[in-house]
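As given, the protein sequences belong to chains S and W, one line each in that order. According to numbering that gives the first Met the number 0, the first sequence is numbered sequentially starting from 0. According to numbering that gives the first Met the number 0, the second sequence is numbered sequentially starting from 0.
Don't read these hints as lab results, they were simulated from the structure.
Here are the simulated BS3-like pairs of lysine-lysine, each with C-alpha atoms no more than 30 Å apart in a straight line:
id	chain 1	residue 1	chain 2	residue 2
1	W	Lys135	W	Lys194
2	S	Lys82	W	Lys330
3	S	Lys322	W	Lys194
4	W	Lys393	W	Lys220
5	S	Lys361	S	Lys322
6	S	Lys134	S	Lys107
7	S	Lys163	S	Lys107
8	W	Lys330	S	Lys163
9	W	Lys135	S	Lys361
10	S	Lys82	S	Lys163
11	W	Lys135	S	Lys322
Since the structure is predicted, the reported quantities are computational estimates derived from the model, not experimental observations.
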Amino acid sequence: MRAPILLCLALLGCPKTPAPEAAAEGVRPFPEALPERPFVMPEVERATLSNGLQLAVVRNDEVGLFNVRLFLRGGSSLDPAGKEGLAELTFDMLDRGAAGRSAAELAKALKPLGGTVGAGAGRDSAAVSVSGPSKNLEPLLDLWADVLLRPDFPADEWSLLQSKAVADHEASLEQPTEVGRRVYRHVAYGDAYTGRLTTSASLGGLTRGDLVAHHAAVLDPSRAVLMAGGDVDLATLVPLLEARLGSLGAASPLPLPAPAIPAEGEGEVIYVVDKPGAPQSVLRALLPVMDRTDPAWWPFMVGNTAFGGAFTARVNMNLREDKGWTYGARCGLDDNTGPSLWLCSTSVQSDATVVGLAELRKETRDVLGDRPITADELAYFQGYLVNGFYGSYETPGELLGELWDIWTYGLPADWLERYVPSVQAVDVAGANAALRSAIDPDRIAWIVVGDLATHREGLEALGLPVVELDRDGRPVAEAP
Amino acid sequence: MIGSVILALAVGAQAAELSIPHERYTLDNGLEVVLARDTSTPIVHVQVWYHVGSKDEQAGLTGFAHLFEHLMFNGSLNAPGDYFGPLQAVGADLNGTTNTDRTNYFETVPSRYLPLALFMESDRMGHLLEVLDQTKLTNQQGVVRNERRQRYENVPYGEAWVTLGEHLYPEGHPYRHPTIGSHEDLERARLEDVKDFFRAWYLPNNASLVVTGDFEPVQAKALIEENFGWIPRGAQPPARTAAPVVLSASDEVVEHDDVPDRKVWLAWHSAPLFAPGDAELDVVASLLCNGPDSRLYEALVRTSRVARDVGCYQASRQLGSVFVVSATASKGHTTAEVVAGIDAVLADLRAEAAPTAEEVAGAIADYEVGFLQRLQTISGRAGQISTYLHHLGKADAVQTDLERYTALTPDAVHAVAREVLGAERVVLHILPTADAPAEGGE
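Construct all of the structure, not just a fragment, from the sequences and the given hints.
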């Protein structure tokens with residue numbers, strides 16, 4: 000294989016070979032690469048605790064710090080309808096009082112040890128972590144275990160957190176990018192768990208009892224995994240964790256929901272959310288594609304990288320580097336336990352709202368039609384993905400994050416070893432076929448968060464249905 | 000041990016000193032070079048700092064240093080297309096940033112592509128102007144104006160710092176205007192301004208080159224000489240200076256905007272980065288605002304509940320820093336109540352409620368861990384070395400930098416808190432438009 004730097008795209012400025020007479024002052028050839036240096040993936044040490052809890056450790060003692068994290072499958076996907084926000088606030092409460100210590104007392108215990116304990120819930124998982132200097136490993140693990148297993152959910156702390164959560168939520172509705180994020184999930188999934196959005200009402204209706212019950216029902220070793228990185232080793236950790244987590248186990252764990260199936264969709268529609276006076280419009284395009292485990296994920300991911308997944312990909316080079324309408328534009332994959340979502344995101348100056356959407360639409364139809372990804376583009380972005388892979392494992396945290404993905408999405412255990420050959424195996428026909436098969440341009444949902452009074456007419460002139468949504472993704476009745 | 004980079008490990012490790020083993024030298028054209036090797040992963044990081052920031056801009060051309068940074072990504076004589084092109088082909092992670100004090104550029108690449116990274120950085124240091132044209136300038140003016148809209152204007156409270164700057168600094172002060180500049184000035188920039196700026200500031204004798212990670216030192220030095228050695232030295236640009244700003248009176252500013260909550264910022268002038276009094280204020284910020292045991296959180300968020308959040312920090316800069324306290328009023332409360340609550344806590348701190356040994360030790364331990372985390376990656380280490388070169392003229396100051404914190408006593412922290420927080424200040428309230436007084440008969 001030729002060194003990837005010899006590949007080039009006219010758009011990106013190929014190294015020119017000057018004609019001899021044109022060898023102007025200062026002209027220099029691109030340099031040759033040095034010999035390949037072997038990349039060795041950091042070793043992952045594994046063990047299983049007596050209660051079935053799996054542990055993965057990646058060592059790196061460069062600065063004497065460690066990190067231990069318990070991941071739990073589930074996250075917000077376990078929120079019952081009407082109680083959106085339950086998992087998130089349950090985990091936010093864990094370090095606000097545990098084992099008889101108040102929030103302030105916990106903080107006072109952690110600080111002199113240089114330690115941090117954190118807890119949070121995301122869409123499909125929750126985590127409770129501890130980090131700090133490895134010489135304080137044992138006392139920090141004690142505090143972490145208190146927060147994880149023995150939270151007190153103090154009533155006064157709960158009232159404080161709940162009112163903050165409602166106020167923060169209402170403030171977030173004034174952030175156009177956040178509104179775009181909320182609305183796209185609802186457009187994609189409707190009322191399936193992952194499309195249900197937290198509201199002031201759902202947050203305000205939660206009770207302390209809901210949180211206590213949620214905590215008790217999610218701690219189950221069979222759907223948890225422990226990951227540790229930094230200046231720690233397996234032999235030291237196992238007995239320390241056995242002693243602290245031996246009691247981990249839910250009497251009756253909440254059943255995990257089936258992966259959410261995206262809503263059927265209404266054909267190619269422009270959904271608009273009004274933000275009067277906005278100097279920019281948030282634009283998004285979305286479409287559910289394939290599961291992360293689908294073999295077609297590889298050619299789709301590589302093809303999409305060339306289309307919109309990097310600075311030098313078509314979408315950014317057009318909307319930013321040619322038109323100057325935006326600070327950046329990307330298309331990527333939002334992976335889920337069900338089908339991944341293909342998602343394009345940008346913010347364009349207000350007066351480019353309609354032309355920006357039209358241009359993104361044209362780029363999409365072009366790549367699926369008469370301007371498919373070329374062999375040069377494909378080779379270029381394969382080089383980008385493969386070469387960039389090695390730098391991603393400089394610290395244990397990055398590798399542990401990948402292991403978490405493997406576990407969450409049910410990927411093959413040797414997924415990391417497969418990465419480079421799988422990217423390299425994609426050919427130009429396969430990449431284009433994957434894009435065409437997954438992206439039906441007549442089903443793309445477009446989302447615009449911007450000044451509707453200014454743009455409604457122009458958007459309607461594009462010839463697509465224009466549906467106004469509120470900031471919770473619900474249709475707004477048309478004004479008479 | 001994977002890569003023996005940092006000697007002396009861990010918080011409180013006894014005796015041994017923290018250091019980044021390195022080699023430092025200067026090319027004949029004045030370019031400062033530092034090499035710090037770490038072969039644990041086959042990647043290498045190249046970081047170039049130019050000693051020019053928004054403090055060096057001329058009146059009427061605010062935002063220019065940052066606009067110029069963008070143009071450094073639009074091609075040079077031997078790589079005339081987008082700068083990202085050849086580097087992303089080899090998987091590079093790259094970017095550039097501009098602040099008040101300096102402009103930097105960096106890329107991490109697989110170590111076999113060190114020649115490419117050095118070639119690209121040197122080509123734009125030596126050969127930018129040959130291919131720069133009005134089309135590129137016009138395009139990036141549009142991009143930067145959209146960056147301003149995205150990061151400052153289409154975000155609630157996004158321009159708070161812009162307003163604070165106008166009230167903290169007198170007319171003509173290098174920090175009065177924001178690094179992003181104004182739309183008017185960004186549009187005003189001409190191609191000739193760009194060329195003049197390059198010739199005045201983008202000189203090997205006004206820059207540093209730091210290479211960290213997996214390289215062979217002899218080979219790296221030869222490559223650096225080959226790529227950068229030919230670039231001619233220029234006239235040494237003037238160092239920007241400014242007398243410390245002392246506010247003669249406190250200033251209270253009230254603005255109404257499309258925002259969801261009542262928020263307030265209190266800002267005081269303080270000592271420059273690395274000067275005595277700078278680290279002390281990081282500790283003050285921590286004991287006031289960091290965590291549920293902090294003083295302002297306890298008083299305003301937990302007890303009186305007039306605020307739903309509170310934040311503090313020391314914004315450290317070369318010509319003088321700013322210490323900031325900000326808070327969001329709880330529903331039904333005013334920013335005046337919040338300011339009164341903050342003032343009561345600060346008055347106590349300045350009087351008899353001196354920082355305790357426990358507060359200071361906790362803040363230092365927390366700082367130390369964050370400091371070590373920054374040194375974990377080759378890019379973090381290059382950033383630290385570049386910072387020390389720019390501000391202190393040293394390549395490795397990790398031990399003395401950390402000791403600015405570990406050596407602090409409660410008395411020293413108290414003295415600085417009294418001096419800074421007792422001085423005049425700027426208070427900025429940003430309130431929802433619904434709070435605006437009803438318009439009169441105009």
